[in-house]
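Chains A and B are the protein sequences, given in the same order. Counting in this note's numbering, the first sequence tops out at residue 353, every number present. Counting in this note's numbering, the second sequence tops out at residue 570, every number present.
Mixed in with the good hints there might be a few duds.
As the list claims (entries may be wrong) - Which bits of chain B does chain A cover? Going by a derived footprint, with three or more residues having C-beta under 8 Å, they are:
(1) 457 to 466
(2) 469 to 481
As the list claims (entries may be wrong) - To give an idea of the chain A side of the interface with chain B (calculated C-beta under 8 Å), a few residues:
(3) P79
(4) P96
(5) F106
(6) P156
(7) V183
(8) A185
In short, the hints are calculated from the structure, not lab data. All residues carry an ideal CB built from backbone N, CA and C; glycine is no exception.
Now for the letters of each chain:
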Amino acid sequence: MSEMAEALQAEDAVKRFGSVTALDGVSLDLGSDELLALVGPSGCGKSTLLRAIAGLVSLDGGRLTLNGTVVDDGQRRLPPEHRRVGLVFQEHSLFPHLTVSKNIVFGIRDESRGEAKRRVDEALELVELSGYGDRFPHELSGGERQRVSLARALAPRPALLLLDEPFASLDPNLRVQLRGDVVAALRATKTPAVFVTHEQTEALAVGDRVAVMRAGKIEQLASPEEIFHRPTNRFVAAFMGEAAFLPIEAGTTTLGAVDMSHRRSATIAMVRPDDVLFTPAAVDSGHHGDFSDDEIVASEFRGATWYYTVKLSDGNQVYAVGSHLDPHEVGDRGRLEMMPGHRLIAVADETQA
Amino acid sequence: MNSAAVADRGEGKARLGLGDRLSLIGWPVAAWLAALAVVAPVAFLSTSLLDPNTEVWAHQWNTRLPGQLYQTAVLLAGVSIGTLIIGCSLAWLTGAYRFPGSRLLGWMLVAPLAMPSYVLGFLTLSVFGFPGPIQTRWRAMFGQDAWFPDVRSLGAAIVVFTVVLYPYVYLLARAALRDQAGSSYEVARSLGAGPVEAAVRVVLPLLRPAIAAGTAVVMMETLTDFGTVQYFSVDTVSVGVFRIWRGTFDRDAASEFATLVLAFALLVIGLERILRGRARFGQAAGEAAGIEPRQLTGAKAVAATLTCVSVLVLAFAGPAIQLLVWALQEAADPKRASLTERYFGFLQNSLILASVTAAVCVSTALVVVNARRFGSRRSTGVATRLTAVGYAVPGPVVAIGVILALVALDRVLESLGLGLPGTVATGSFLALAYAYVVRLLAPGINAVEAGLDQVHPDMTATARSLGRRPLDIAGRIHLPLSRTSVITATVLVAIDALKELPIVLLLRPFGFDTLSVWTYNLASESLFKQAALPALTIVVVALIPVALLSRQISQPSGVASPRQSAARSG
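Here chain A stands alone, though its shape is the one from the complex (with noise of 0.2 Å):
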């Protein structure tokens, strides 16, 4: 059993900061080569989660197991040093003192120097930063830094790595190249990884899956797709994108049916931008009487798109876009329609208790 043991395994955690508590049970698990996007608001505790799983906060309840050994229990804790975890952080973490080939030689211990140097030949060539081994990290570029952060982690080959909004300080172009290299190492390295971001483009992007947090609480574990199409709650269909949401009554809203399959007691339904269409009433006049209820209150340019805000005729708003050949003005009247082929999702309404 202990061949087919996960790369990491989250029981229960709890962790308080006095009466603040950071982690409130979480549980989850990896496999041995995936690769999981943590994300939430600041103060959602996964940053605390993922220093727990370091061994640089020790928890207060709960069990960590890193390949199926247990490394805090609530009571005692392995200390980080021995846990086989890389950790990649948003900054600071290069050491300033030392050029690039021994910051990655700090973590090859017991090797000879031949085999420690050709690890971290290889570990450069793995960032494609060969022939970058005598600068020092002063002389590097924003991403060449976090590039170099990443071999240093990869190179003792760690049973887990922990990255912590490591793109957050660089600029956004440059952000998204780095995240296609970085998963790309960790795919080539077959290395499990936690990726912490606080964006959720991001980690739909990154993760195998994706797991939201809030308040020291999973609120859901899923694949990127489940997690944005089919959130379970109002918070994370919120969080992971702009969304309106609708009153379900008798299993249907003002634009239709919903999909209660698997949220059968759901009181409202989520209706996503892009699975909405507004058509104005200028276009075909006169084929209905309550064609027009529909109006356009806010309209917001976003280069490719417009975004609009519509009120419904029952008062409600959703969100749609349009596209930027043919805008719309605030107050145009017209009627919004699911696209087909859109559902409306039910999702649990939290803030109702």
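Given the structure of chain A, go ahead and fit chain B onto it with the hints provided.
Showing chain B alone in chain A's frame:
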């Protein structure tokens, strides 16, 4: 492969080797041992109150004690009021106005810190005393019986301490002015308050915590002294401890009397807390914008420059030149050839004591500061705080406390068959160095801590996740990255040890005289010219930390001055 083995083995609990366990538990244990060593002297001293010797107290009460209490109180009050007025006025003058030389004078005004009170004290006596040049001329002009204020008086002692210690208030007030007062002052002005009204109603209250801290340090420095005051025939409670111990070597009587000094120290700390009130003015978020200085012109500018220059000349330049002239005269005098020889002997003693103190303080500081980084906050936080209390305990209290602690240690060791040498408890190098470490550990810890603060905790975390033990990380990451601060700490502690007088006067082993003791002894015999050379040496060396300190006036944020932080935490 140890760590790999732990993680790779299938089911079950992780197992650590003995070495790994030691490397984890060693840090908090070491930190607590250091804390214990610092607290022990004060603790032993306090217990002596549990069994008071009424006879001793009755005797003291009938003889010197009432006068000592009165003089101590007046001295402390006088010096704190004096330093408050001079320190705050100079801080406001140099911080809020620009006039010829204001920048340079701004940091030079810290220089008097390099002049120990026992040096300025004897210079004052030599110049203004009865046989001195001023009074001689005075008598020549106004007759033999012309009235002249008595120099050997409480008033003169207050003046000397004020002149030497005002820079503490000045420094903290300047720093607070720079870090906090800027925007508030401007807002007050924009709301219609004039410069004076804005200063009094907005800036002064904002500076209150800083001023309270500065004044507390001033009082502590005044309280710890019993050398300078004796030049001026002032009798304080600290003098009382000195008299009892050096006169009778009666441990119990001295320790009971020292608790009185401790009581005054607690009073000072309490006073600081009250003065500071509930105010906690952190540095304002964003840019630390100081008050934009206003340009002074004409007579006002001249007056401002003259004020600063005259303070500097009276407090530092004049005395320093006098020392230099005398030292050169003495050196040129062939009769004094043996002097130079003895000088090097004393210098060597001073250097040995200073190096041992600095080495022990800084290595202890490294252990304590690293322990806090590696251990949990719960297990080491209190220990770190405790190791810094020595700085808030007056020298005589530390000295007597150390003797008591060593006696207790001796008893324990003796019962184990390992007695310490007999003289340890009356005056030995060990006792002296121990007392110095207790007293000077705080500046060492503060400086080293400021250095390690530059190493982000995430960096330590990453290093640990790479499989290195804490000791490895302390040596290969923390130490190289905080090297400058460690050197600064060493220099600060060594120089403080070189200047120190009260503890060495109480505890020096027979025949072990340092530069400061030699200066004091010669000055006590009114051999002022001979005292010039050792005094000048101390002043010149003491200028080093002062230069480090004054650099902070121009730098927005840097390593907090050790005294500053000690005052804050004390």
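| request: Go check the segment 457 to 466 of chain B versus chain A for me, would you? Three or more residues, Cβ under 8 Å, otherwise it fails. | output: The restraint on the segment 457 to 466 of chain B holds, since 8 of its residues have a Cβ under 8 Å from chain A and three suffice.
| request: For the hint on P96 (chain A), just tell me whether its beta-carbon gets within less than 8 Å of chain B. | output: Holds, because the Cβ-Cβ distance from P96 (chain A) to chain B comes to roughly 7 Å (cut-off 8 Å).
| Can P156 (chain A) be said to touch chain B, with a Cβ gap under 8 Å? | 6 Å, holds
| task | Three residues minimum, CB to CB under 8 Å: does the segment 469 to 481 of chain B make the cut for coverage by chain A? Let me know. | result | holds (count 6)
| said: Hint validation: F106 (chain A) versus chain B, beta carbon distance must be below 8 Å. Holds or violated? | reply: Given a least distance of 6 Å, the restraint on F106 (chain A) holds.
| request: Would you check whether A185 (chain A) satisfies its interface hint, that is, whether its CB is within less than 8 Å of any CB in chain B? | output: 17 Å, violated
| request: Hold the hint about P79 (chain A) up to the distance rule: shortest CB distance to chain B must be less than 8 Å. | output: Holds: closest Cβ of chain B sits about 6 Å from P79 (chain A), inside 8 Å.
| Holds or violated: V183 (chain A) as interface residue toward chain B, Cβ cutoff 8 Å? | Violated. Min distance 20 Å.
In terms of the numbered hints stated before, the structure departs from hints 7 and 8, listed from lowest to highest.
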